[in-house]
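Student: Just so you know, the protein sequences line up as chains A and B, in that order.
Under the UniProt record's numbering, the residue at position 291 of the first sequence is numbered 291, and the numbers go up by one with no gaps.
Under the UniProt record's numbering, the residue at position 107 of the second sequence is numbered 107, and the numbers go up by one with no gaps.
No lab work stands behind these hints, which were simulated from the structure alone.
Predicted, not measured: the structure shown is a model, and the values here were computed from it.
Do not rely on the hints blindly, as some may be mistaken.
Capping the alpha-carbon separation at 25 angstroms, the derived lysine to any residue pairs in SDA-like fashion look like this [claimed, not checked]:
1. B:K61 <-> A:V133
2. A:K94 <-> A:E84
3. A:K254 <-> A:I291
4. B:K61 <-> A:Y144
5. A:K242 <-> A:E140
6. A:K38 <-> B:M65
7. B:K61 <-> A:R292
8. B:K61 <-> A:E272
9. A:K242 <-> B:K61
10. A:K38 <-> A:P322
11. A:K72 <-> A:T170
12. A:K476 <-> B:M65
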Amino acid sequence: MLVLLPVCRNLLSLIRGSFMCCGRTIRKQLDKNLSFHKLVAYMIALMTAVHVIAHLLNVEWYNNSRLGVYDKLSTALSDLEDTENTTYLNPIRKTDIDPQQIPTYLVFTTIAGLTGVIITLALILIITSSMEVIRRSYFEVFWYTHHLFIIFFAGLVFHGAGRIVRSQQTTDPPHNFTFCKDRTDDWGRIPECPIPQFAGGFPQTWMWVIAPMVLYLCERLLRFIRYMQTVTYRKIVMRPSKVLELQLVKSGFKMEVGQYVFLNCPAISQLEWHPFTMTSAPEEDFLSVHIRSAGDWTDKLIDIMQKLPEGAQGPKMGVDGPFGTASEDVFDYEVSMLVGAGIGVTPFASILKSIWYKFKDSNPKLRTRKIYFYWLCRETHAFEWFADLLQVLEKEMEERGMDHFLTYKLYLTGWDQSTANHVKVWVDDDTDVVTGLKQKTHYGRPIWDKEFEQVRKENPTSVVGTFLCGPQVLGKVLEKKCAKYSDVDPRKTKFYFNKENF
Amino acid sequence: MGKIEWAMWANEQALASGFILLTGGIVGVAGQFRGWQFAAYAVAAGVFVCLLEYPRSKRSKGTSMARPGQYCFTVCVKAFGPLTRNYYVRAFLHAAVCVPGGFMLATVLGCVCLGIASLIYLGAAIHGEQWVPILPHKEVRKPMESMKNPPQNPPPRPPLEMRRKRVDDLEGAAYDNPIPVADE
Numbered sequence: 001m002l003v004l005l006p007v008c009r010n011l012l013s014l015i016r017g018s019f020m021c022c023g024r025t026i027r028k029q030l031d032k033n034l035s036f037h038k039l040v041a042y043m044i045a046l047m048t049a050v051h052v053i054a055h056l057l058n059v060e061w062y063n064n065s066r067l068g069v070y071d072k073l074s075t076a077l078s079d080l081e082d083t084e085n086t087t088y089l090n091p092i093r094k095t096d097i098d099p100q101q102i103p104t105y106l107v108f109t110t111i112a113g114l115t116g117v118i119i120t121l122a123l124i125l126i127i128t129s130s131m132e133v134i135r136r137s138y139f140e141v142f143w144y145t146h147h148l149f150i151i152f153f154a155g156l157v158f159h160g161a162g163r164i165v166r167s168q169q170t171t172d173p174p175h176n177f178t179f180c181k182d183r184t185d186d187w188g189r190i191p192e193c194p195i196p197q198f199a200g201g202f203p204q205t206w207m208w209v210i211a212p213m214v215l216y217l218c219e220r221l222l223r224f225i226r227y228m229q230t231v232t233y234r235k236i237v238m239r240p241s242k243v244l245e246l247q248l249v250k251s252g253f254k255m256e257v258g259q260y261v262f263l264n265c266p267a268i269s270q271l272e273w274h275p276f277t278m279t280s281a282p283e284e285d286f287l288s289v290h291i292r293s294a295g296d297w298t299d300k301l302i303d304i305m306q307k308l309p310e311g312a313q314g315p316k317m318g319v320d321g322p323f324g325t326a327s328e329d330v331f332d333y334e335v336s337m338l339v340g341a342g343i344g345v346t347p348f349a350s351i352l353k354s355i356w357y358k359f360k361d362s363n364p365k366l367r368t369r370k371i372y373f374y375w376l377c378r379e380t381h382a383f384e385w386f387a388d389l390l391q392v393l394e395k396e397m398e399e400r401g402m403d404h405f406l407t408y409k410l411y412l413t414g415w416d417q418s419t420a421n422h423v424k425v426w427v428d429d430d431t432d433v434v435t436g437l438k439q440k441t442h443y444g445r446p447i448w449d450k451e452f453e454q455v456r457k458e459n460p461t462s463v464v465g466t467f468l469c470g471p472q473v474l475g476k477v478l479e480k481k482c483a484k485y486s487d488v489d490p491r492k493t494k495f496y497f498n499k500e501n502f
Numbered sequence: 001m002g003k004i005e006w007a008m009w010a011n012e013q014a015l016a017s018g019f020i021l022l023t024g025g026i027v028g029v030a031g032q033f034r035g036w037q038f039a040a041y042a043v044a045a046g047v048f049v050c051l052l053e054y055p056r057s058k059r060s061k062g063t064s065m066a067r068p069g070q071y072c073f074t075v076c077v078k079a080f081g082p083l084t085r086n087y088y089v090r091a092f093l094h095a096a097v098c099v100p101g102g103f104m105l106a107t108v109l110g111c112v113c114l115g116i117a118s119l120i121y122l123g124a125a126i127h128g129e130q131w132v133p134i135l136p137h138k139e140v141r142k143p144m145e146s147m148k149n150p151p152q153n154p155p156p157r158p159p160l161e162m163r164r165k166r167v168d169d170l171e172g173a174a175y176d177n178p179i180p181v182a183d184e
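Let the hints inform the model, and build the full structure from the sequences given.
Tutor: Here it is in structure tokens:
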């Protein structure tokens, strides 16, 4: 049950929206939904193992009891048949086949046994295909196999329908079983000891799982409805280095900064939905995504778009979302340090654009006065579109005399000798030779101590929010630096760390 | 389904089946079930399958994530040459190993899981995949690349007649160097 709820992403977005008043710590927990899903899945696996082992032992002992290996009472109880005036206790009724095969026979002829085997198999297949290796490299296998959970839940609901777990019922009139338990031969013959009656328990699993199953069904239905809504193309641009920019218009679509959407293109694959961070700001009336060639689906999409004639509409596209992330908090801080590493720079396109719009309109929601943006990447080829965005912002800020608002530093971590030579020749030039920006490109990784020192020096009394979208290792480093450079004194600089996860 | 290497999934499935077979066998032996001999076999078979499947194969495309401590297993498995390299052999081996597990309830689950793994391996073999050991590659240093060759030709000079020292006309012998020369 708990395994279904964390993957209802629309439901989670709804809850997150309603909790806007409750502070960010609660909303942060909703970001860890996939970790929770995995934890619950591990517990399910563990409990299944325990359950299966317990039943293995249990069936073996039932078998022994039926064959009269144990004491007289057990044998007598096991002998009780399922007729009009007796009810059985021991689910093993058949004795005329090879005793070693009786447990296997029981499993495959009872509802509980059969459903148990099927759903355990389904669970094992789900787990082996969800291993990190398979999931990261062959997502389709993971996704399609994961749908075996439908079989899992169906089997789970019917698992108890056979009612083979039996308990003793009070007879009419009630009898004293402590007295009767040693007189197995007298059952039914003396008035004090009628034949004991047993009945199976009412199956209850469905009561636990029905609500989450209904919620999940609603979630999938909602995704389907969203998919059917019309999406028109406003602009399709091929950017350098096989990056495709799509500007889409969908009626009634509202987004926040840094959110992502799932895209589905039936022309490429009916069932695949792929997540992309939006690069447009909420102030714009369209949504844009930048799609880089990174696999089957993206390659085919770029291929289709390149073959389109000028100004034509693209193939039918389903858009599900937006789904939220933590970057909505970026406007609450007076000073923000935004760190984007590699592909993690994408949400910051949306954030920077939105900040710029809010700044121009003097939006009171914007508390940010100063932004430090750190862009780390191995090479800028795939992100030339982002460099263009920075250039535009740079120019606009200069025009308004506001160039102290945004300070950005680009770190190229993958430089080689020829790049270094090239830079040496052009070092005195006004704009950077690699990106064309006013800020010079730095080479290698940033020295975070110096950066934090600088921010602290320039903003001695502010609350600084640090936002990262990038690898976990960097997250740990930044978290440490935030703690190191924060001052306990509330009048001095404090650093708060926030991390995106994808 | 994209460029999937089925052997990767078959490997995970087989490793899991090995554990399940082992667990079922231990329960069967410890509980002294009827047919515990099959359970004892399952313990041995489970251990064997786990040892065989623990070392991951090298992927033909992309980075291969080796399991922790798999190097010694890689060496052992590699020693069997074509028997372990070929996935047809593995598919039939797993199919054969799993059969005795079907005779006792405690090991039936392991048997079926291993059977499924065997089928996926068959699929992998049909696609022509092979088991390639992940071995640590030695860094081959190429010092030759960073060193530049010494110049092959002498620097440009005026022809011999001009170079010969003209003792009779020292004034006229002086000429301007086309390339500026400085004393460093």
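Student: Against this structure, judge whether each hint is valid.
Tutor: Okay, the hints, checked on the actual structure:
no.	hint	result
1	B:K61 <-> A:V133	holds (13 angstroms)
2	A:K94 <-> A:E84	holds (19 angstroms)
3	A:K254 <-> A:I291	holds (21 angstroms)
4	B:K61 <-> A:Y144	holds (22 angstroms)
5	A:K242 <-> A:E140	holds (23 angstroms)
6	A:K38 <-> B:M65	holds (21 angstroms)
7	B:K61 <-> A:R292	holds (20 angstroms)
8	B:K61 <-> A:E272	holds (23 angstroms)
9	A:K242 <-> B:K61	holds (21 angstroms)
10	A:K38 <-> A:P322	holds (23 angstroms)
11	A:K72 <-> A:T170	holds (22 angstroms)
12	A:K476 <-> B:M65	holds (23 angstroms)
The structure meets every hint from the earlier list without exception.
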